[in-house]
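Visitor: Line by line, the protein sequences are chains A and B. Just so we're aligned: 114 in my numbering is position 114 of the first sequence, and the numbers increase by one with no gaps anywhere. Just so we're aligned: 60 in my numbering is position 60 of the second sequence, and the numbers increase by one with no gaps anywhere.
Derived from the structure by calculation, the hints contain no laboratory data. Since this is a predicted model, take the numbers as computed values, not measurements. We treat Cβ as the ideally placed atom computed from N, Cα and C, and that holds for glycine. Keep in mind that the hints are not guaranteed to be accurate.
Cβ-Cβ distance ranges computed for the label pairs, FRET-style [as the list claims (entries may be wrong)]: (1) B:G72 / A:A244: 31 to 41 Å; (2) B:G113 / A:G202: 31 to 41 Å; (3) A:K186 / B:Q63: 29 to 39 Å; (4) B:L35 / A:E265: 11 to 21 Å; (5) A:E7 / B:L22: 17 to 27 Å; (6) B:P146 / A:L284: 32 to 42 Å; (7) A:L284 / B:E90: 39 to 49 Å; (8) A:A268 / B:G72: 36 to 46 Å; (9) B:G125 / A:A244: 24 to 34 Å; (10) A:E7 / B:G123: 40 to 50 Å; (11) B:A13 / A:A260: 18 to 28 Å; (12) A:A268 / B:R153: 46 to 56 Å.
Some residues of chain B that are not near chain A, with every Cβ distance over 10 Å (derived) [what the hints assert, rightly or not]: (13) L8; (14) E14; (15) L22; (16) G23; (17) F27; (18) E48; (19) E58; (20) G109; (21) S116; (22) V150; (23) D151; (24) L175; (25) C186.
Below, each chain spelled out in residue letters.
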Amino acid sequence: MEKSRYELNKELAQMLKGGVIMDVTTPEQAKIAEDAGACAVMALERIPADIRAAGGVSRMSDPAMIKGIQEAVTIPVMAKCRIGHFVEAQILEAIEIDYIDESEVLSPADDVYHIDKTQFKVPFVCGARDLGEALRRIAEGAAMIRTKGEPGTGDVVQAVRHMRAMNAEIRRVQNLREDELYEAAKNLQVPVELLRYVHENGKLPVVNFAAGGVATPADAALMMQLGAEGVFVGSGIFKSGNPAKRAAAIVQAVTNYTGAKRIAELSAGLGEAMVGINEDEIALLMAERGK
Amino acid sequence: MAIGILALQGAFAEHGAMLDRLGAEHFEIRQRRDLERPMNGLILPGGESTVMNKLLRELDLYQPLKAMIQEGLPVLGTCAGLILLARNVEGGQPCFGTMDIRAVRNAYGRQLGSFSGEAPFAGGGSIPLVFIRAPYIAAVGPEAEPLAQVDGRIVAAQQGNQIATAFHPELTDDLTVHRRLLALSC
C-alpha cells in the first residue's frame, strides 16, 4: 500500500489536531512557544499586528530567519508565502518547511490565481471564509484549511463568522438530495466530488483549524466549541504582557475546551491581552484577499 | 471492557474509529477524573510528544498513568506515543520511560521525509505502515522484542503489555495492531 504524498500531507495535519500553532518571529520566541506546548510554529518576520501597523508590501520571510527557527525547535515549522506566489512556495519547499501557509496576511502576488498546490511535495494550509472557498483551495491541493478571521486585530468576530458560515453550509449540504449536489456545486463554484464528500461525511475532507483574532484562552475554547479542530494564534501571544503564560493557558484551554472551571483558572492573572483593534476600526480587510 | 485513549492532542479520534470497527468500548482521557473509569487498556496516540508530555504533567495525569502502565495495564503507543513510552529518547525528552527502548525522534527528517510502505508484523503477514515525521527504535533492551523492521530499522516493539509503533496503524484499514492490544486487554 503506497499512500500518495497528498494523503501523507493531510495526515500530518491530523497529527496537529487538538493543538495550538503559534506565530513566532525569532528562535527565542519559537522556543518559548514549544515549551508552552505549541504543536507547531509559524515562522514569520513580523506578526500580523505589526504587518498591519507597518503597512506596505508584506512578503515571505527571509529563509535564513526561517532556518534559524527550524534549528531552534523539534516541532513542525510552517511559513507563509504570498497568495499566488509559487516561487516563494518553491523556496519554502527547498528549505524543507513542514507546511506552507498561502496566506492573505501577506500582500497577494496574484489577484486571480492561487498556487497550484498539487505541484508541490510539501503540504499547504489555506484560509477560507466559507465552504466554497475551502473546497476551492482543497481542489487546488490544500491539505489543511483554517478560517481567515481577521489577522492582527485581536478581534475574534470574523473567525467566529467564518467558522459558523462554514459549518452551517456543511450542515445544509449534508441535507441535500443526491441529485441536488450538482446545482449546489455550481453555485459554490467547487468540484462536485468534493461536495459529495462533504454530503456523505458532514465535514471537510481535510483538517479545519480556527485562525485570526484569537487572543485569550476563552477565544480559543470558543472556536473549539464552534467546531474547530485546533487553533492558530498569531499576534495574540507575543503582543501580550506574559507570552509564555498566555501561550500555555491557551494550549490547555484547547485540550479541555468544555471545562469552564479550568478555563476560568487559566484565564486568571494572565497580564495584559493584546490591545486589539475592532473589526470596524480597520482600513484593510485581509480576509477579503484571495477568494 | 473499555480502552482509554489519551486525548490531550493529536490523532486520538482516529484510534477511536479503529476500536469502533472492532466493537471495543473506548473513552477519552483529557483530565484526572477521566481516570476514575475502569480501564482495560490505554492508547497513546500520534501528535506532538512535547505537547503531550507537558500536558500530562500539568493535568496531573502523569503519575497515575505511569503507575498503571508499570502495574501492567496494556498500552499501545503510536509515533508520539512510542516516544512517551521509551526509556531513552534521542532528540527529545523521555516521558513515562517504561519501555526498555531507545527511540530517535523525527528520525526520518521533516515532512518531506514522511513515507508509507508495508512490512511483516510480529511474525505474521505484512501490514501497511504510515510514517509521519516518524521516530524509529535505535535499540531494544533485553526485556523488549522487535515486532517489525523497515530498511533494517526497528519500527515496532513489545515489552510485556506495552506495544510501541513508529508508524500509524490508525491511518490505515488494517486492524492487526489494535487487535493485538485488545488481546492483551481481555
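Visitor: I'd like to know which numbered hints this structure contradicts. Please list them from smallest to largest.
Guide: Numbers 3, 6, 9, 10, 13, 14, 18, 19, 20 and 21 - these are the hints that the structure violates, sorted from lowest upward.
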